[in-house]
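Starting from the given sequences, assemble the full structure and let the hints guide the process.
Residue numbers (our numbering), protein chains in the order written: chain A, 18 to 412; chain B, 254 to 617; chain C, 62 to 320; chain D, 64 to 359; chain E, 314 to 576.
These are computed hints drawn from the structure, not numbers from a lab. On a predicted model such as this, the values are computed, not experimentally measured, just so you know. The beta carbon of each residue, even a glycine, is placed where N, CA and C say it ideally should be. One or more hints might be untrue.
[Stated by the list, open to error] If you only want the chain B side, here are some residues facing chain C, beta carbon under 10 Å, derived: (1) ALA473; (2) ALA476; (3) ARG483; (4) THR484; (5) GLN556.
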Amino acid sequence: LSEGGVVGDGDDDGAVTIGVLEDRSGEFALVGESKWQASLLAIEELNEAGGVLGEEIEVYDPDPQSDNQRYQELTREAINSENVDALWAGYSSATREAIRPIVNDEEQLYFYTTQYEGGVCDRTTFAMGATARQQLGAVIPYMIEEYGPRIYTIAADYNFGQISGQWVRMLAEENDAEVLGEEYIPLGETDFGSTINNIQGEDPDFVASMLVGDAHTNFYQQRADTGLDVPMASSTTMAQGYEHLRLDPPALEDMYVGVNFMEELETDPAQAFVDDFYEMFPDAPYLNQEAQNNYFSVHMWAEAVEAAGTFDQEEVIAELESGMEVDAPEGTIELDPATHHMTHHMRIGHADENHELTFDEEQYIEPTFLHEVGCDLTSEPEQTQYTPEEFYDEI
Amino acid sequence: MSEKPSLEARLRGPFEGPNTIGNSRRFWLSFVLGTALLAVYPVLFGAYAAESTSVYLVYGLLGVSLAFIWGFCGILSFGQVAFFGVAGYAFGIVSINLASYTGATLGVLTGVAVATLLAALLGYFMFYGGVRDVYVTIITLVVALVLHTFMGQTAGSQWAIGEAALGGFNGMVGVPDLAIGFGTAGLEFAGAMHYYVTLLVLVATVLGLRALVNSQFGYAMVATREDEARTEMFGYNTTFIKFATFTIGGALAGLSGVLFVTWGNYIDPSEFAITAAAMPVIWASIGGRESFVGTIAAAVVIQRIQIGLTGEWALVVVGSLLVIVILAMPDGIAPRVGDAVDYLRNRGGGEPAEPPTATEEVSD
Amino acid sequence: MATSDPTVKESPAVAETGVGTDTILQTRDLRKQFGGLTATDDVDFGIEEGELRCLIGPNGAGKSTFLKLLTGRLEPTAGTIYYDGEEITDLASHERVSRGISIKFQVPSIYPDLSVRENLRIPLQRVEQPSEFDRRTAEILDRFHLAETADETASNLSHGQQQRLEIAMAMTLEPKLMLLDEPVAGLSVEETREIAELLRTINDEDDVAFIVIEHDIDFVETIADRVTVLHQGAIFTEGTIDEVRDDPDVKRIYLGEEQ
Amino acid sequence: MAIYELLNLGFQFLDSFAFIVLATAGLAIIFGMMGIINLAHGEFILVGAYATTLSFHAGLPLPLAMVAGVVATTIFGIVLERTIIHRLYGRLLDSMVVTFGISLVVIQLTRIVFGNSLEQIGTPFGGISYGPYSYSTYRSVVLATCAIATLVGLYVLFTRTDFGVRARATIQDEETARSMGVDTDRMYLSTFAIGSALAGLTGALYAPTITMSPELGTGFLVEAFVAVVVGGPSVILGTPLAGGLLGLVDAVFTNLGGQFIGTVFLLLTAIVAIRVLPDGITGLLEDLREKWRRAE
Amino acid sequence: MLEIDDLAVSYGKTPILRDVDVTVEEGEIVGIMGKNGVGKTTLVKAIMGLLEAADGRIVFDGDVVVDATEAATTDADRGGLGGRIADALGTSTPAGTWVGADERARRGMGYIPQGRDVFPELTVRENLRMGETINEDDSDFRYDDVYEYFPILEERSTQKAGTLSGGQQQMLAIGRALIGNPDLLLLDEPSEGVQPSIVQDITRDLERVNRDLGTTILFVEQNLHVVQNLAERCYAIDKGTIVDELDADRLQSREAVTEYLAV
Ligand SMILES: Nc1ncnc2c1ncn2[C@@H]1O[C@H](COP(=O)(O)OP(=O)(O)OP(=O)(O)O)[C@@H](O)[C@H]1O
Ligand SMILES: Nc1ncnc2c1ncn2[C@@H]1O[C@H](COP(=O)(O)OP(=O)(O)OP(=O)(O)O)[C@@H](O)[C@H]1O
Ligand SMILES: NC(N)=O
Ligand SMILES: [Mg+2]
Ligand SMILES: [Mg+2]
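Put into structure tokens, the structure is as follows:
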């Protein structure tokens with residue numbers, strides 16, 4: 018099984034193909050579309066500059082329709098039939114976990130670009146997004162400081178939400194705060210009346226929200242209707258699904274989100290990227306955080322290939338593990354060889370009652386959690402995901 | 254059909270009769286040819302092609318489980334995926350916990366048993382409770398949706414059975430391959446082997462069901478489908494007939510679920526969702542619910558098209574096809590294939606028309 | 062109304078258990094209510110082995126309801142049914158059929174999409190070995206004058222042929238008691254006569270008991286051993302056709318003056 | 064304090080009740096009256112919601128935008144009936160496959176034309192506060208009022224008017240109805256149009272509260288099917304009763320155990336209800352009514 | 314009142330009726346008899362407009378309601394794009410002149426189908442209301458009149474029609490047709506399944522309706538007594554065509570009548 022067409026060195030048909038499996042329909046289309054577009058932008062830039070190692074890059078990009086089943090089939094197809102040299106795939110953590118066994122079996126170089134709960138320590142997987150440690154680690158202490166120690170957690174009911182919930186508990190513990198209640202809400206749920214009543218019943222200082230997907234957006238609208246004016250901290254809003262633009266103000270008033278990139282970020286590299294993006298996709302509704310991650314990681318891969326002088330995946334991985342530095346739109350960032358994660362510039366984005374954004378407190382945060390658990394892929398090639406619950410006794 | 258029991262007639266005998274489409278020599282020739290083509294397919298196209306085709310045959314089996322109960326007993330279950338999914342999860346739970354040949358073998362048995370039991374329970378609840386017609390359809394759908402909702406919220410770490418985490422929306426990952434054996438001795442069926450096992454199961458199921466449907470029980474099923482009240486008045490326990498048929502259908506759906514989960518080593522709650530639940534109904538409608546081969550062909554082709562067609566118009570094309578096929582061919586394609594063959598023959602002035610035959614196997 | 066008519070004979074055994082020596086079917090205080098409407102009103106009805114009984118009575122008298130109670134299609138509100146020496150009140154329809162009660166519904170209910178041969182196979186396989194199917198099918202087709210139509214789809218048969226097919230199917234089960242609800246409604250005079258002869262022959266040759274509901278009084282006259290008149294759910298009177306015909310009360314409630 | 068929790072429950076009940084009734088009404092008419100299982104029901108709602116939202120952004124005031132939503136859905140329904148659906152009368156099961164196909168097409172076309180989302184309309188009327196709690200006025204009081212008005216309207220239309228009697232007669236026996244002077248073709252069309260209009264109304268009413276995405280219709284489907292089954296064959300009575308029962312179950316269990324428990328109990332109630340009442344709530348009701356009538 | 318020329322009807326490709334000529338004068342009571350399956354119901358349905366004619370003309374009350382003669386149909390080209398679009402939209406009508414059943418009902422045809430086709434899920438009262446909606450304006454015949462003929466219907470006015478006994482359903486079907494004040498009443502075996510005394514009543518009642526309201530009646534029957542007592546004139550039909558016409562005198566002879574009911 019693991020013998021069939023693994024070596025994607027691009028020699029067999031003369032073309033170099035990379036796989037970009039991003040959702041353009043279904044529950045995650047709203048965030049997936051922009052990820053796909055930014056990948057195409059990066060590939061076009063590479064090809065215009067003469068390709069990688071002189072080869073034009075082709076892309077295999079069917080729509081997985083937010084369906085994990087389909088993701089699996091397409092991942093097999095990408096690896097075995099298309100012989101992709103690198104794979105970008107998936108928005109949700111559930112998707113990532115669904116295809117990771119295949120990726121592992123086939124020893125496929127794989128980039129996962131979504132912000133996520135953290136903890137993946139995997140020899141062929143490179144996690145480009147900010148982790149919960151990086152995002153919540155920035156925004157939760159800030160909120161405790163600003164508003165007080167009483168927290169209420171609402172999160173999407175799957176691995177991402179559950180583990181993010183553990184992180185909120187963990188961070189509360191570290192900062193002498195208290196989690197009053199937690200609700201894990203099934204993906205697709207649209208009615209938040211009782212959730213809002215429960216929050217009101219507990220009367221927290223702020224709400225930590227890790228809601229995900231189209232349906233969950235309804236929460237913010239309903240929060241505004243009922244006049245629930247508790248401030249919110251989040252790792253998932255605005256930077257991905259641009260709720261601040263889709264919803265009428267003041268639905269997102271006092272929403273604080275820990276981000277490494279948003280299109281509103283007013284740095285020069287960020288704005289240059291935004292301009293290039295909208296030049297290629299003038300009708301795109303938004304350029305989100307994940308899209309930036311796709312964009313810089315495609316370029317980073319190309320640099321690694323150039324440096325290695327080959328498309329051979331093992332050698333490219335070795336090159337990536339030598340420690341790369343990239344000039345990303347969010348700023349210059351580094352790849353941590355031991356954990357295959359990025360050190361990110363984390364900001365706290367804040368929406369006011371008119372949904373105007375401001376960014377506070379830029380911090381440069383490393384992926385420390387995996388260091389703490391002892392993940393070192395350069396010496397020990399694992400294929401695991403660690404959770405804080407397993408590792409810290411206090412939560 | 255012929256008077257003197259030739260070897261061929263004796264071979265064919267148990268598998269044909271007025272209740273099945275396709276009783277001609279032509280049908281059997283295409284059936285054997287189709288099966289042979291499918292058997293050499295991996296040799297021609299390689300292990301990976303076989304491996305990726307395997308899942309379509311699994312869907313074919315799921316479709317057959319519905320065609321059997323719907324086409325021959327008139328019970329439209331919208332919840333075949335419930336048995337399919339439950340068996341998949343059950344296999345996962347057992348085989349993850351007992352990571353050995355014994356575990357996988359037990360997993361297969363448990364998976365099918367759990368699906369059978371669920372179908373039996375549900376069937377008992379419905380048929381002995383006087384639920385009928387479209388209400389059966391909707392109850393089965395609701396059961397699938399309950400499972401969808403339930404499995405969707407099993408993300409928390411409390412939802413682990415031994416080593417096996419149910420995983421909620423994430424699904425259950427790391428399910429072992431299909432294997433039969435005891436302890437450390439046994440056979441593992443991965444890749445092309447999975448394909449052959451599935452093909453074998455599928456052909457055996459089709460033949461077995463054809464025999465069943467043309468047996469006395471089959472006549473009772475058909476009579477129940479045609480007019481339940483009347484059939485009861487001939488002394489048939491129609492309630493039991495429906496119950497038994499439904500349970501067999503559930504067991505087959507369970508078997509396909511086990512094959513499914515061992516193919517992808519993964520299963521998630523979306524298998525219970527309304528879109529997944531609709532698919533077997535669509536395969537059987539399009540392929541012809543009274544034709545096993547037609548249903549299999551429809552499952553293979555439709556699923557292949559869905560994966561193969563990319564681009565934003567794909568779903569528009571698939572949806573329009575469904576509408577057009579049903580409007581143009583209310584009984585599905587299979588009966589029409591026979592008609593078309595006969596028509597061509599008659600026009601060619603050949604031999605007299607035989608009874609309609611089913612479509613050829615579609616070999617992807 | 063007269064629930065127990067002096068003409069209804071009961072053996073002591075019947076009084077005890079509802080089972081007489083020759084009695085094939087006996088009901089005791091059989092009652093069916095739809096809401097507040099009593100469709101069957103404490104009926105004590107008995108029929109002997111091999112008897113051909115007609116059940117007549119005004120529209121809405123409860124004849125069809127009574128038959129449905131006997132077959133298990135409806136559950137009685139109260140009362141018991143004895144058949145062939147045992148109580149069958151709580152048996153499911155198919156179990157009653159297995160014990161020898163067979164019914165032909167009011168509307169023809171053959172299997173319209175199956176051929177005549179396949180229609181016959183449904184009851185046949187209940188009672189015969191597969192090796193006997195062809196021989197028995199031929200016999201039955203012959204007896205019921207359906208031979209030419211053997212491979213015809215049943216829905217293409219004429220009304221009269223459908224009626225015959227249905228009786229044939231019911232007879233295939235070799236019942237001891239046949240229940241027929243308006244078997245000749247809508248049939249021509251000629252076809253009515255054919256059916257009448259058929260019923261008489263079966264009754265004589267096969268020793269099958271019949272309960273026949275019919276409004277066609279001429280038909281009743283040609284076939285019936287005895288006639289029971291139902292009225293408002295209860296047994297109004299019972300007797301030979303002539304006795305019933307001459308009963309002024311029966312004329313008033315049912316027959317009208319012109320007969 | 065307890066009084067406030069009771070109020071929570073009450074508002075949640077109104078919310079659930081309105082949602083179930085409105086999600087169901089169009090489906091129930093089309094299924095109960097016409098024998099078409101409309102798996103594209105959610106997409107009819109989608110059409111209503113999108114048309115409302117787009118009209119609103121085009122400058123119409125919200126009430127008028129909602130009217131536009133209803134009109135658009137009605138036209139959509141009429142076109143579908145004339146081209147496709149009218150061939151499916153009496154073909155219950157085929158109708159499912161065809162409408163499933165329609166649903167795929169509509170969702171995807173919506174996506175192609177309008178992208179993955181539309182800017183949402185804000186919810187009017189704000190919230191009602193009581194003690195520490197508050198609840199959306201629109202989602203509870205306003206929508207429940209609309210739901211009740213819809214039910215009353217349907218009840219009157221289908222039981223008190225000639226149109227209603229004719230529509231029901233047509234569905235039961237088309238040929239006889241025609242020989243009683245009913246233009247059955249037009250009857251089917253109008254009934255389908257009414258069902259479509261109701262789905263459009265649901266879309267219009269929920270447009271200010273839900274995320275405008277091509278898949279928004281799926282969010283209504285489960286409740287709608289469950290309520291249709293629990294309601295039983297006589298939709299006019301069944302829908303409000305099912306809405307009431309299921310709304311209560313949903314509100315109580317959501318209140319006790321959260322969203323998930325609420326949904327699971329909703330579905331379990333449906334299964335039990337079908338088993339205990341094979342003819343739905345209306346079957347039970349009819350039995351009772353019959354008993355009572357006869358007893359007089 | 315009704316004039317049928319050369320009518321032919323088929324089910325699919327099977328011809329059922331051919332060369333049927335029937336004339337009914339205003340105020341007449343005309344019977345049609347024939348054995349089973351000869352096409353009586355087919356004829357009545359074709360008159361009512363529930364079946365398409367393959368050939369021939371039907372004139373009702375001076376207006377052509379069906380013209381399927383060759384002359385009429387050749388003009389109306391049903392092929393071509395227009396025809397196909399009409400088919401696709403389901404708006405196609407049969408060739409030539411065609412007045413639909415609903416319109417015929419509104420113009421004064423009343424129909425009582427064979428086999429008690431009442432609306433089973435509507436109440437008795439609602440079934441009657443269906444009849445009434447045909448002729449809302451001039452209601453000579455009202456609920457009260459129906460109830461007078463058939464008291465059981467008043468008693469059961471809120472019962473679902475499907476749960477009535479067979480005979481009760483037949484009464485309802487007749488009452489429902491009468492309440493619409495038809496000019497021409499078409500009855501298909503009204504005595505089937507009805508108790509003898511009520512058959513006699515119905516016979517009398519139909520005569521009364523004919524006399525008092527001037528309703529023309531065309532009925533199909535197998536019941537000898539009804540044919541003899543009700544019909545002023547009678548057509549005999551066999552193998553899909555009219556084979557005889559019996560006047561009042563011949564109707565009184567039992568042999569003459571039974572000839573067409575028996576072989
Ligand atoms: N399901 C039911 N619900 C309510 N009433 C019913 C039901 N079935 C029958 N009835 C009533 O019970 C009475 C007896 O009906 P049944 O059909 O037994 O009459 P019948 O003697 O067969 O009459 P007919 O000769 O007209 O067929 C009638 O008044 C009928 O309306
Ligand atoms: N829908 C149909 N399709 C095909 N053939 C039909 C159809 N309906 C009736 N027939 C055939 O048409 C012929 C005439 O039927 P029709 O119902 O007009 O007879 P009828 O004279 O009314 O008989 P009856 O006395 O039994 O009511 C019969 O041979 C019948 O089998
Ligand atoms: N990584 C997430 N948001 O699932
Ligand atoms: Mg009766
Ligand atoms: Mg007839």
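A quick look at each hint next to the structure:
no., hint, result
1, ALA473, "holds (8 Å)"
2, ALA476, "holds (5 Å)"
3, ARG483, "holds (5 Å)"
4, THR484, "holds (7 Å)"
5, GLN556, "violated (31 Å)"
In the structure shown, a violation is registered for the earlier hint numbered 5 alone.
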